[in-house]
Every structure is written in structure tokens, then in C-alpha cells.
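Q: Sequence:
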Amino acid sequence: MRAKRVFIPFLKYAFLITIALYILASCTVLQWRASDQEILEKFQEKNISTRISYFELDSLHLNIRVQHVEKDANAVTLLFFHGSPSSLSAWDGYLTNTALGSKANLIAVDRPGYGYSNFGKEMTSISLQAQVMDQLIDAYGLKNIIVVGSSYGGPLAARLGLLNDNIKAVVMISPALDPRQEKKIWASRFTQWKLTRWLVPTSYRVAGDEKTVHAQELALLVDDWKNLIIPVVHIHGDVDDIVPYGNIDFSKKHFTNLKVVTTPDTGHEIAWARPELIVPHLNKIIDSLRVSVK
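In the working numbering, the protein residues as written are 44 to 337.
Where hints are given, some of them may not hold.
[As the list claims (entries may be wrong)] Mimicking DSSO-like on lysine-lysine, the simulated pairs with C-alpha atoms at most 27 Å apart in a straight line are:
| no. | residue 1 | residue 2 |
| --- | --- | --- |
| 1 | K89 | K211 |
| 2 | K114 | K89 |
| 3 | K164 | K146 |
| 4 | K85 | K146 |
| 5 | K114 | K146 |
| 6 | K302 | K146 |
| 7 | K327 | K211 |
FYI, nobody ran anything at the bench for these hints, they're computed from the structure.
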């Protein structure tokens, strides 16, 4: 009888967890994306001109969504890569910043598997993602680029800096760089178990797939960072509980042309929640680049 009494509450809890996960999986907010129409309407309300395009890469069956806020073809370009789970909408605070837009072209990209870039189809290789973005840059004819990456987008931005000569500086915000400091997130196991994977929101499944092999992917790149000679800025909150602040020490060891910026008493959210902390540093790089290319 005792075993039966224990088993019945377990079934109740399992049922409640299953229902909760199903609700989460159905929630569009937790997919971390906005439709093209939603983006266009939002920017129209702010009287900011924007357009959305798709970069097709037939060899990999990819269709990458790109949002543009354009100044002119000769201006500096800020190219933004989000973390995980996320989408290009994470950079709204930058693309709607009219002062920033008056100085540079602003371009944000949905990384593969997120937003409307082959949503749900993960691409866990950082190097392969960088190769895709390298081709995107060439296809769009982008010049004088400052590539900005947050969290997972940080090592992607740095890797891209090694591939394309049109990139003049790299800005990494709370980047996960050091394979030895990669934190295991227990909840990500739900994205890998067949029993629960289908219940997890799509964007979280992609993030879980990336997270599972992220340390291995970072280890493949460690010896390459010394070859990145363009300016690199590493911005990190000193109470980041997702990507350890100790990644700063890794950057100091491996990047040769590095500036470190610590944002006191802030966590992992600084890229999307506190753009006012980031924009001044972007302005400084834009101004220095505009002088150097004259």
C-alpha cells in the first residue's frame, strides 16, 4: 500500500510537469522571435526606416534572415550576432538608436536555427556558422565592419574576424570563450532526452543542442585567437552567473590586441537589457574607424 501511495503523487507531479512543458512549448514569447511584419510595424511606429532580407545559401539549404537599418554604402557597418536562445530582435535597442544609426549602418542577423533562419534546425559548429556569415558579408558587399556578438555570438564574431578582411574590429559582450569555464546547465538535459525534447520550446532545443557541444567547439578555436590582430573589445558584467566573468582572463591570455571593459554589478543581460552601457563603446570604435578609413 505504501508503494502505491508514493506512486500516485509521482504520477500527479509528472502529469503537471508535462502539462507545464507543453504550455511552454506552445508559448510564442519563449520562441524569442518576432515576425517580419511585427518588426516592420514596430519600427514604423518609431519612424525608423528598416528592411528585412533573406540570404540564401543553397549548398547548406539555409535561408538567413537579416534586418537592415541603413545609412549609406560608405558608412561603417555594425553587424550584430545574438546569443542563445534569442533572435535578431535582441538588438532592437541598438537598431532603434537614432544617434547610432546616424553614424553607421546597423545590421542584425538571425543565427541558424533561431528567429526565422531555418528555425529549429541547429548548426552547432561555430566555425561553420562563421563561414556562413563570411559568405553573407561578401554577398551583401559589406565594408568597414565592426562585428558585435553577445554570449554565444561572441566567439562567432571573433572567428569571423579571422575570415573576412572587411571586419575592422570585434566587440564581444559577455562572451563564452573558455572551454574550461563552460557551465553545465541541468535544465538543458530536457532538450536532449527523447521523452522531453518535444515538449521544450524550439528555440530552447536549439540552444540546448549548441550548449551540449559548446565546450568542444571552443576548444577547437583556442589556438586560433592569437592570429586575430584587429582590435578586440571584451565587455563583461562582473556578476554574470551564466557566462563566468573569468572569461576576461582567458581573453587577456589569448587575444593580442585587446581592450577589456568591466560593467560593475551587472550580469549576463547587459547586451539586450542595458544597451546604454554598450553604445558609448561602439561609438568610440566607430569614430576611430571613421578616422582611419578617411
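Q: Hint by hint, say whether it matches the structure.
A: Verification of the hints:
For the suggested pair K89 and K211, the alpha carbons sit about 30 Å apart, so the restraint of at most 27 Å is broken. For a cut-off of 27 Å, the pair hint linking K114 to K89 stands: about 17 Å separates their Cα positions. With a C-alpha separation of about 35 Å, the suggested pair K164 and K146 falls outside the 27 Å cut-off, and the hint is violated. With a C-alpha separation of about 22 Å, the suggested pair K85 and K146 falls inside the 27 Å cut-off, and the hint holds.
A hinted pair counts as satisfied when its Cα atoms are at most 27 Å apart, and K114 with K146 qualifies at roughly 7 Å. With a CA separation close to 22 Å, the supplied pair K302 and K146 stays within the 27 Å bound. Using a Cα cut-off of 27 Å, the hinted pair K327 and K211 holds, with the two alpha carbons roughly 13 Å apart.
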